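Chemist: Chain by chain, the residues run as shown.
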Amino acid sequence: MSVVLQSPKRILPCMILTKVEEDMLAGRQGPAKKLALEGLVQLGRAYGAPRMVEIGYAHIHAGMALYLEDVELIEGLADQNAQMAVPSSVNIANADTVNWKQTGAPEKLARLQQRAATAHHKMGSACSFTCTPYWAGHWPTWNTHMTSIESTVTIFCNSVIGAKSNRDGYFSVYAGITGRYPLFGYHLDENRRGTMLFKVDAELRGTTDFSCLGFHIGKIVGEGVPVVSGLARRPTLDELDALGAGMATSGGVSLYIIPTVTPPFASAEQAFAPKPMPEALPVTRADIDAVYTYFCTGRFDQVDIIHVGCPHASFEEMRDYANQLRGKKVKDSVEFWITTSRAVRRMAEEQELLKVLEASGAKVIADTCPISCHFARTVSPDPALGVVPPPLRTVLVDSAKQAKYVRDMIQCDTLLAPTERVIEAALTGRLVPHLS
Amino acid sequence: MIEIAARGIVIGKASGPALVSAEAVSFLGDVDIRSGRVVGDLPSVRNASLRGTVLIMPYTRGSAGAWRFLYQLFKHDNHPVAIITNAVPDPSVVQGAILAGIPVVCEPASPIEDAAANGQRIEVEVHGTDGRVRIF
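Line by line, the protein sequences are chains X and E.
Per the working numbering, the very first residue in the first sequence carries number 10; after that it's consecutive.
Per the working numbering, the very first residue in the second sequence carries number 5; after that it's consecutive.
Please note that the accuracy of each hint is not assured.
Mimicking SDA-like on lysine to any residue, the simulated pairs with C-alpha atoms at most 20 Å apart in a straight line are [said to hold, decoys possible]: (1) X:Lys228 to E:Tyr63; (2) X:Lys228 to E:Gly44; (3) X:Lys228 to E:Gly69; (4) X:Lys228 to E:Arg65; (5) E:Lys79 to X:Leu77.
No lab work stands behind these hints, which were simulated from the structure alone.
Note that the structure is predicted; figures quoted are calculated from it, not measured.
Work out the full structure: start from the sequences and follow the hints.
Modeler: As structure tokens, then:
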């Protein structure tokens with residue numbers, strides 16, 4: 010005897026598809042577009058999307074060599090002759106595909122990661138392997154619908170550029186192949202409105218301070234949209250990037266609004282309209298410092314890696330690192346990593362900054378970073394690759410995002426300090442605490 | 005047998021023993037891919053194996069990387085065969101489930117956790133947005 014209870018929920022409308030989309034779905038534009046659009050239609054149905062929108066840019070999955078048969082996912086698409094229908098960039102990977110030796114990665118891992126690059130090239134994408142594609146030249150425009158597998162890219166493009174993106178997963182590659190994405194979430198203006206107001210009452214300096222501010226706000230706002238007021242000056246692009254990375258790490262934030270920075274919001278009132286502005290939550294220096302303290306669990310005399318470049322360094326950050334390291338030597342016992350994209354590495358090379366950095370003894374690593382490489386313990390590579398994570402005790406970083414994932418994925422202690430102090434520590438072998 | 009209607013999120017049909025979690029499970033962080041066991045601090049399901057179960061939980065914990073870990077559970081044959089949530093699940097979880105062919109329903113017409121105990125056989129069937137949960 011069966012009892013059937015009818016769902017009280019509303020009947021969801023079907024998605025309305027264009028003739029071109031119907032063609033894709035019927036397989037008349039090849040198997041890859043059929044597979045991709047089938048996935049996107051199911052996603053759209055799940056969220057009640059009425060139709061698809063045309064996207065202008067996609068930041069897509071790399072195919073990660075540290076996960077079982079994950080590179081094969083991308084190769085499978087390339088084998089079905091998938092082609093990127095829109096400009097696309099490729100997210101950070103699990104090995105430096107050119108200079109892997111300096112990271113201690115097994116050659117087999119790097120070779121597998123290179124196969125992903127080959128597949129991306131076949132699909133018509135410049136294989137950027139970076140979490141900061143904007144520093145490598147991928148800069149969408151205001152109101153461009155786009156997709157991104159990397160939440161830091163989502164928040165930067167929404168909040169700084171004014172493009173429209175959700176925090177996507179693998180399906181960003183499906184969007185790239187079809188040029189389509191279901192209309193829901195942050196693709197709708199009605200969801201691009203503030204949910205909480207913060208008033209910063211602290212002097213902030215440099216990207217590390219901004220990453221801590223982001224981490225603090227993200228924890229409080231969860232999946233909402235924070236409106237950040239009270240900043241004494243317009244943050245630099247690198248600081249805006251660090252702010253978003255921090256928020257996307259501690260919360261599920263996709264968009265922040267800084268009035269006069271985030272398009273099209275000229276004021277905090279406008280960011281909440283038509284709703285009234287809520288009361289502001291103050292953020293003090295003590296809140297920022299609490300994030301530093303939270304990520305200082307390790308002992309400096311047990312630091313195994315010193316790292317800057319999370320998210321992947323911009324050209325300007327590379328220049329600043331070089332200015333601090335010029336003519337100096339990294340302490341003998343110190344392993345110092347600077348991570349960036351291959352494109353920015355090339356820019357640094359052409360201006361001889363790379364020479365300065367490498368002469369100091371720093372390792373300039375592209376395509377990956379400490380938490381994305383073979384240091385991670387939460388991965389599950391094919392045993393035949395011979396990946397053995399090295400025993401690390403403490404990693405010193407200048408980014409709250411890197412610190413959080415060092416803790417979760419490398420599963421060791423962290424120290425967090427502002428960039429100049431981290432570089433100073435690499436030179437002197439001594440970290441001068443900036444908090445008393 | 006009891007049949008309960010629900011909102012279909014990911015199409016497919018599967019059955020297995022119920023695993024009822026009182027807490028939201030994050031596939032990125034709470035579950036060890038290689039063993040399929042819950043390693044996160046979730047009192048109601050700690051150490052339980054997700055392998056072959058119909059996983060019932062209030063909601064999914066949002067993380068952009070959740071799809072990859074759900075897909076990896078599938079690749080290691082440690083995945084739940086179906087997922088039932090009260091709230092609409094996170095887009096990343098939905099993408100992982102579509103990729104792995106794991107049917108998902110949410111917003112059941114009556115609470116599944118009241119009708120099913122751990123280990124009880126449950127079938128999930130989804131066509132379009134029409135979902136059915138059968139408890140045997």
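Chemist: Give a verdict on every hint.
Modeler: Against the structure, the hints come out as follows:
| no. | hint | verdict |
| --- | --- | --- |
| 1 | X:Lys228 to E:Tyr63 | 19 Å, holds |
| 2 | X:Lys228 to E:Gly44 | 19 Å, holds |
| 3 | X:Lys228 to E:Gly69 | 18 Å, holds |
| 4 | X:Lys228 to E:Arg65 | 14 Å, holds |
| 5 | E:Lys79 to X:Leu77 | 7 Å, holds |
Hint check: no violations occur; every hint is consistent with the structure.
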